[in-house]
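Engineer: Chain by chain, the residues:
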Amino acid sequence: MKSIEIGCRPNRRKVLAAVLGSGLATVLPRLVQAAVDGDPAALAFDGDTILLADRGLFVSDDAGQTWTAAETLGNVLSLATHRDRPGRVVAGLAEGGVSISEDGGASWRIFEARLPDGEITAVAIASRNPDMIYASLRGDGLWKSEDAGATWSLAMDRPWLDDAERELLSLASVELETGMGGIWIYAGTEVGLTRVPDCFCRWQDVQPGNAMDALVAGEAPPSEAPLPGGEPILSLASAPSAPEVMYAALRSGLWASQDGGVIWQKRASKAATAVAVHPRDETYIAALLGGILKISRDGGATWIETGER
Amino acid sequence: MPMNKGPKDRSAKCTVRRSVHLAALVSALATTGVVVLAQSEPVDPRVEGLTFLGEPVLASQVMAGQQLYADNCASCHGASLEGQPDWRRRLDTGRMPAPPHDDSGHTWHHSDRMLFQITKGGVGAVVPGYESDMPAFGEDLTDAEIAAILVYIKSTWPERQREFQAEVSANDTGG
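Top line first, the protein sequences correspond to chains A and B. Per our numbering, the first sequence runs over residues 1 to 309. Per our numbering, the second sequence runs over residues 310 to 484.
Next up, chain B with everything else stripped away, as it sits in the complex:
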């Protein structure tokens, strides 16, 4: 079962004040490659072309998600979402390494709902009985925090992967 405990540093909070300056936002977003809708208001803009579970994504979510990703996921999935080395090869334990979350991996083949379930409940939540090193974060992260991490990951994908994943999500009718 999961060996990692999840987040230790709960001080890295996910809420970004509305008072944040647009300049700061834009520079932060530049690092994630997010395109921001032109807005005159210096408040939480929507991220163009990105939704999560059908809802629009706000720039503050992406920023919060970036920090939460660094704190909770980067140790295995890589600081630049690059995954563990040689991630297609099984470990000696018989389990698979952590795959990349960028476009070189397969994360973008999964619907929003499935990504959420995997992060909250581990891979066993979508493939019954499956053994893996991916921890279940349901105890350590709130639903909003999990969503923020996933929108951050999604925000890094090129257009093709985003569109593919949007379609997979739209077709995901399961419940």
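Bound conformation, chain A alone:
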């Protein structure tokens, strides 16, 4: 697969364009350091447009070659978009609240009926319903809005993993059937991956579809290769064009799964802080690796180096 040639490093200025000169080098070290430490960052595809929230919101219409800074209503910690609703961008704010844009991030609004105060650590839009928005509130739980952010209600408390309640650091609506009349919501916590059916009955481990049958039949459980335990999962993505294809950003690297999160393989060893997948191409991903935005057109097998180094 042929990779496109890009050099991308969004900076604080309005437009980066082809300015990959010395001026940029001076701002890089601080950015890189911040991102490696797990400084919150978020990525999303709005159609072919890439949005990057990394202390400011940046928008690229040319696969990351050039970036434009966008105004926001606060410090954006998390982003979500929907393949069927181009232009809609949902942003979770550090100051609390979820702001919504209907024009690709050019203008934003926050509804009156806000969420309770507190940092919004992750947001997601339901794969089958662009008006259904999920948001996780730090120290609280998972909230949902069925009317595109106008009103909110508590959907579910935080998951209980390794003897404690855990923060939801990342969310993904994954269009795989639960067998309960709906689909899954996957969540990355401080200590690993979990998921809940969208009826919100209970958080549970990701298991192979036939795990229960094997248990009942007394057979060996199907093989699994989970993400490394005890590591925060900073970002999660499920490909709209192939929902079983998933990506996860961890300090240990960028991981990929072809089977809805049962078996994971590492695709990059640099600390990953954000990942997003193109709405129509499950092999086209953008990720922050070691604080640098990189793009892969082959599911993470090869990455486009950005050249600043």
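Calculated directly from the structure, the hints in this document are not laboratory data. Be aware that one or more of the hints could be misleading.
[As the list claims (entries may be wrong)] Here are a few chain B residues that face chain A, going by a calculated C-beta distance under 8 Å:
{"no.": "1", "residue": "352"}
{"no.": "2", "residue": "367"}
{"no.": "3", "residue": "398"}
{"no.": "4", "residue": "399"}
{"no.": "5", "residue": "405"}
{"no.": "6", "residue": "415"}
{"no.": "7", "residue": "419"}
{"no.": "8", "residue": "439"}
{"no.": "9", "residue": "466"}
{"no.": "10", "residue": "469"}
{"no.": "11", "residue": "476"}
{"no.": "12", "residue": "481"}
Please read these numbers as outputs of a predicted model, since none were measured by experiment. Even for Gly, the Cβ is constructed at its ideal location relative to N, Cα and C.
For this one, chain A is given, so just place chain B on it according to the hints.
Structural biologist: Positioned in the frame of chain A, the structure of chain B alone reads:
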């Protein structure tokens, strides 16, 4: 593991005599909101629009289930199926409270088979390794009694929830 022992009062039997009068049946059913097929026979009518594991449901089952529910489930899930207060919030123990079984909960998202398995074997029977306060009733209740309780619960749902759950059950091919 489960702390509740299940039914204490085994005298509340689930069988309803065929000799039961239609009038009594109708008044009992009125409390559960069940629609009864027009029948001339004063015997166990079918409950319209309700099946369990593919089988038709009889009015006697629903009535028996209502009593069994009161005896075995209401202490946690609520006398009116309303669940424990603040049931979306985890308890200090880390476990979840008992959810409602009415249309405000999520019981109607589960297939007949799954509801049966959860009631008989606890939540761990459907989610391996899951810890919960939901007891397994397999020792204390017969399969028929569990089915009766579940059809009683189902009989209280509005049409939308019934139809949704019927479809989930129809799609549940697992074994």
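Engineer: Each hint needs a verdict: does it hold in this structure or not?
Structural biologist: Going through the hints against the structure:
no. : hint : verdict
1   : 352  : violated, 35 Å
2   : 367  : violated, 26 Å
3   : 398  : holds, 5 Å
4   : 399  : holds, 4 Å
5   : 405  : holds, 7 Å
6   : 415  : holds, 4 Å
7   : 419  : holds, 6 Å
8   : 439  : holds, 6 Å
9   : 466  : violated, 13 Å
10  : 469  : violated, 12 Å
11  : 476  : holds, 7 Å
12  : 481  : holds, 6 Å
The structure fails hints 1, 2, 9 and 10 (numbered hints given earlier, in ascending order).
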